[in-house]
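> Residues per chain are reported as follows:
Number of protein chains: 2
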Amino acid sequence: MNIVTLAINLGIAAGIIALLYVAYLMYVIFRTSYPRDRAAEIHEYIREAALAFMRSQYTVVTTVFMAITLLLLISGAINRNSLMLNTGLAYFLGALSSAAVSIIGMYTAILTNVRVLSVLKEHNLKRALRIAFRGGSVTGFLVGGVGVLGISLLLKLFGAESASSIEELRAAVTPVLGYAFGASTVALFARVGGGIYTKAADVGSDLVGKVEVGIPEDDPRNPGVIADNVGDNVGDCAGMGADLFESYVESIVAAMSIATFIATEAFNLVAYPLVFATVALLTSIAAVQFVEFSPLREPSRTLTLTSIVGLTLVAVVTYIVGILLGFHHLQGLWVAALSGLIAGGIIGFTSDYFTSPSYKPVKIVAAFSRAGPALTILSGFSMGFYSTFIPTLSIALATLTAYYVGHTTIAGLGLAGVLGGIYSVALAGVGMLAVTSIVVSADAYGPIVDNAAGLAEQAGYPEEVRELADKLDSAGNTMKSISKGYAIGSAALTALALLFTYVSNLKPYLGEVEITTLFSLSRPDVLAGLVIGAAVPALFTAVVVDAVTAAAFVLVEEIRRQFRERPGILEWKEKPDYARAVNIVTRYAIKRLLVPGIIALATPILVGSFLGLRALGGALLGATASGLLLGLFQGNVGNTWDNAKKHIEAGAFGGKGSEAHKAAVIGDTVGDPLKDAAGPSINILIKLMAISSTVFIPFIIAIRTALGLPLL
Amino acid sequence: MNIVTLAINLGIAAGIIALLYVAYLMYVIFRTSYPRDRAAEIHEYIREAALAFMRSQYTVVTTVFMAITLLLLISGAINRNSLMLNTGLAYFLGALSSAAVSIIGMYTAILTNVRVLSVLKEHNLKRALRIAFRGGSVTGFLVGGVGVLGISLLLKLFGAESASSIEELRAAVTPVLGYAFGASTVALFARVGGGIYTKAADVGSDLVGKVEVGIPEDDPRNPGVIADNVGDNVGDCAGMGADLFESYVESIVAAMSIATFIATEAFNLVAYPLVFATVALLTSIAAVQFVEFSPLREPSRTLTLTSIVGLTLVAVVTYIVGILLGFHHLQGLWVAALSGLIAGGIIGFTSDYFTSPSYKPVKIVAAFSRAGPALTILSGFSMGFYSTFIPTLSIALATLTAYYVGHTTIAGLGLAGVLGGIYSVALAGVGMLAVTSIVVSADAYGPIVDNAAGLAEQAGYPEEVRELADKLDSAGNTMKSISKGYAIGSAALTALALLFTYVSNLKPYLGEVEITTLFSLSRPDVLAGLVIGAAVPALFTAVVVDAVTAAAFVLVEEIRRQFRERPGILEWKEKPDYARAVNIVTRYAIKRLLVPGIIALATPILVGSFLGLRALGGALLGATASGLLLGLFQGNVGNTWDNAKKHIEAGAFGGKGSEAHKAAVIGDTVGDPLKDAAGPSINILIKLMAISSTVFIPFIIAIRTALGLPLL
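In order, the protein sequence lines correspond to chains P and H. Numbered per this note's numbering, the first sequence spans residues 1 to 712. Numbered per this note's numbering, the second sequence spans residues 1 to 712.
Simulated from the structure, these hints should not be mistaken for lab results. There's no promise every hint is true.
Note: identical chains are not told apart, hence a pair may lie in one copy or across any two.
To be verified - Straight-line alpha carbon distances no greater than 25 Å define the calculated DSS-like cross-link-like pairs of lysine-lysine that follow:
#1 K210 - K662
#2 K156 - K662
#3 K591 - K360
#4 K363 - K591
#5 K646 - K471
Keep in mind that this is a model prediction, so the values were computed, not measured.
Hey, can you work out the whole structure from these sequences and the hints?
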């Protein structure tokens, strides 16, 4: 059995094991009974509204991905090009996989939250933590399991096992890029649509409820409250799942694709990323059992420790398995992957430092809030910008380390050094994303306990139960900050790997041109592309924030109208019209879904066709660099404001109702669309631009030829 | 007489003419009498406080630039390297020139504002506009005059006239880069220090005065009012002068320096940028006379038209003079310069569109303010990001156009195509900056009329006079938005030109290495440098905003203390302690001056020494791309909020005192440090990083050699 076949079989086995684990988790969760009270009633509203939104959203998404599938298949059929036909097929399956991961994951999360509540009613905090984490693990291990299984099956289907030359291997690996592209397309719409929905509902409800009328968050008198709860699920849960599923798949496929251009070691190098990811996936299943047996009382510490345990185990086990499987001479690659894994950890903990109420930054922002909302915003602004530096630096250093280690390892074998180096950078991405399942498990835990706390509030549960729920919830917030940083960091590293994939995949079209010196900064097209590319995440942010603001504004008017026309609502005498609020937000989020999608998909084609393939390379890099910056900034600044508000609510600087608190609430509202809509959408934007550029290379070349423009 | 000698003589003559024009303007201004009333008294406070701040500021600045001068001179002496000695000398003169331009310009502005008031007292709006514009023109033509004269004299001094080979020419031109570096060092401190000062004073005064106590802006009861007035001068006036002086000098020197690497046409190509700038300067003197004779009643239209007239005249006259002087075969260069000139126009007018109350963006932000400050901030945020796209695109297209035109023109002469192309990109910078004197004249007009309006308010002038002053002031605001966009756009183009200068100047050290393919995006060091470079403007923004927030917070406490301890102030019975407020702001601004300075100066040396000269090239590009984005965003978003507030104050959405107005005031306060402190400081940051990298090449190489690292 050759090494690629071994990796594929390992991948299939690990994928099936992970899915079995998911099935087991779902069985355990659904077996738990839940209270048939007011909470269940509200829960039913949320479930229905979330499904309704997903239906509308996936109508749009399906149209788009079917159109792209057709484009790929028809071009393949016309040109009798089996590579393109395979790519089209893989694309279709990638889109379906991503949709399945995010829909099943979200649906499970919704079914879990009400069950967490029933356990909390028994005052069993530890069991509640376990069940909530299991709910999150469903998404987490769907990501890993479906990802590894999908890639392995496609490789088998496209004949990677029987490949006997590097060309045959490449022919089997290249179309798998389509799988990643499919996942990326669905992720974009899931993130953007979910992000607009969740934040429009959140901001709109808060502006009238908390700020104007002065009722608490999650108060059932607020007509926007159901929309807000739905938002947590469709935004945080489905969005994050799709986002990291994409990064996960892409990082593996990117490394494999580059490997097919490295002459003699190609088979080993194609196998390694899959083996690494597979081993890490199985190790992760073991690592999360820590939550089941953790002796710690504090939920947030249990979750943090689980991540650290997972990270360490993965590092150790991948090393050992690498040796056992005969990658002795390539252990430098393990170091490359490790550099990514460590960078991921640093990024996560930096985000935590800048956004947790335990450290200085949040306290400073809370303190400045005493001088009014302007200083809340400004001090948050500077913290947000400070928070970008360490993560950026660690990505830069991981890139450098991986490159030089890989360069040396592979050059030591007498192979092309530069390609070996860029292959290793892609491996750093694989390393960073190896713990994806753990991170997603802990992240998806967030919306589950958030909703549980909301349900407890709305159903009028006793004070003690609500306090326990809040405790679970605050642990969720820490993990959310960490995973947000991790998501953008890994997206940036994945985008860099994809940039290299793009560069490598130009090789067959350019013949003798030395691709590694092609993209010189002294070339005006590279430069122009870079400057334009850097501006795209800014434009994208503008469009998404604009959509949230507009939708929130309409919701504000609707909520105000309900309070005005039916004054009984505030006196608990009348029930608000939740459905209307839900419909408004759904309609707006769907309506504003297309423009960001078009920007992401059209930019690479336009830049490539009119400014050339060199300019496109520049644009991808520009978008990645500025996207990393804006993504980190927006994710962190939003969490800093959020926690500054919570810090004040916990009693600092006058506590609830003080001037400082009012200012902090405004900061929190400003941060909401940045951290949960625009910021995370940038992750997808930079990856989608890079993967679609690679897949569209033949199309761009055809357009340039038709326009009479030179190839480059 | 050879062409370089001709250009130098032309430059000296034009420089002297411009300075004579400045002397004439000053004579006319100072001849105008001013009222010896309460306004004169307040004016005296402002003058003194401004001078006190400048003294403190220049104590720090002088220490820094003397240290760098010594470093250059001592290294030159030790190595018996005349190039380095000349660079040190030029550096010193560049720093002095910049200091002279900004100090004289600001001082004249202060002496002008009180005189504008005396003319307004006679209800003569047109004459008041003329005198205010003359005050601005002093700074404007000091920039052009000193710039052209300084460069020309240094070229003469370093023997450019007698150069007979390209090597001799290069030896004369290269040290002039030091002149630009000196200007850059002073500009950094002028911009950052002035920016922190002006915004801390503004935000601090507004937070207590307008927001808490509810007294109008410029109310003499506010203890921070004098500090606020001083700020307009030390920030807007001195800062902008130093900023554009730097860009102006650098764009010319960058093009000249690249030209010295282009074999046979070097002499013509060295001469051309100086000739172009000289002709544009003289044409500008003619163009601004339009203000003197303008038939238009509306001040803002007169100023806009003057800019358009100037732009057109410069385009036409430079073409004709180019032909007359024998640059027939090089008229492609004129097209390259023109592309920059046009891009500058587009950037200015895009800024105007996004920030003027006459267009949709400002109206939208004002409308959203009805739903509270959070939506003011968010809608402004998206407008700010939208506003970056067109300017970025026009810079990218100007770069491409210039490159291809230059490439063709110079390749047509059988010369190195790539160097010809990058030379032309530098020329686009020269073209954009050719109208600097006009832009600065119109911009420096702003603080003059702003202060005049403030004095009218504080001295209790009659309603009609104050209305006329406000009319003048609002014209100043339009010009301020335009010139802010122009400043960052030209800074980005200058930084790109300097990046090329850096690349060209590596040539002598690298021998046979092909510099144009050196900076490939597939290299990890270039990539790591780029990612790190992109993060620097974000870090810089954080530090500056942080400084403003901290200083404003201290001022808030001081103003609150004065109101609390001396209640008579608010009842007009007691005089506030202006001096204490001034001292606090001065102390804070100076204290926070060094960290941003260190970031700007140390980054290139650290990246170059430890990650290498390739990484440094990447870092410069990354910083330029992200700096352009963040600079445009911050400049525009601040003006959008400012004008949304003014739009509401003019009666929209409930007018003054409405909820929308309160929200808009918060937006304005948030925008203040972004638009006037952090945003403009980024202009200098990206240029300073690029010019210091070029000048420090030999130092970085020495450090790398000492550390045993390879050259690249």
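> Hint by hint, say whether it matches the structure.
Hints, one by one, checked against the model:
For a Cα distance limit of 25 Å, the shortest separation of K210 from K662 qualifies both inside one copy, at 10 Å, and across copies, at 18 Å. Taking identical chains as interchangeable, the C-alpha atoms of K156 and K662 are never at most 25 Å apart, the minima being 59 Å within one chain and 64 Å between chains. When the C-alpha separation of K591 and K360 is checked against a cutoff of 25 Å, the pair qualifies only between copies, where the shortest distance is 21 Å, while the shortest distance within a copy is 41 Å. With identical chains, the CA atoms of K363 and K591 are at most 25 Å apart between copies only, with a shortest distance of 23 Å across copies and 39 Å within one.
For the identical chains of this complex, K646 and K471 are intra-copy neighbours only, at 13 Å inside a copy versus 46 Å across copies, given an alpha-carbon limit of 25 Å.
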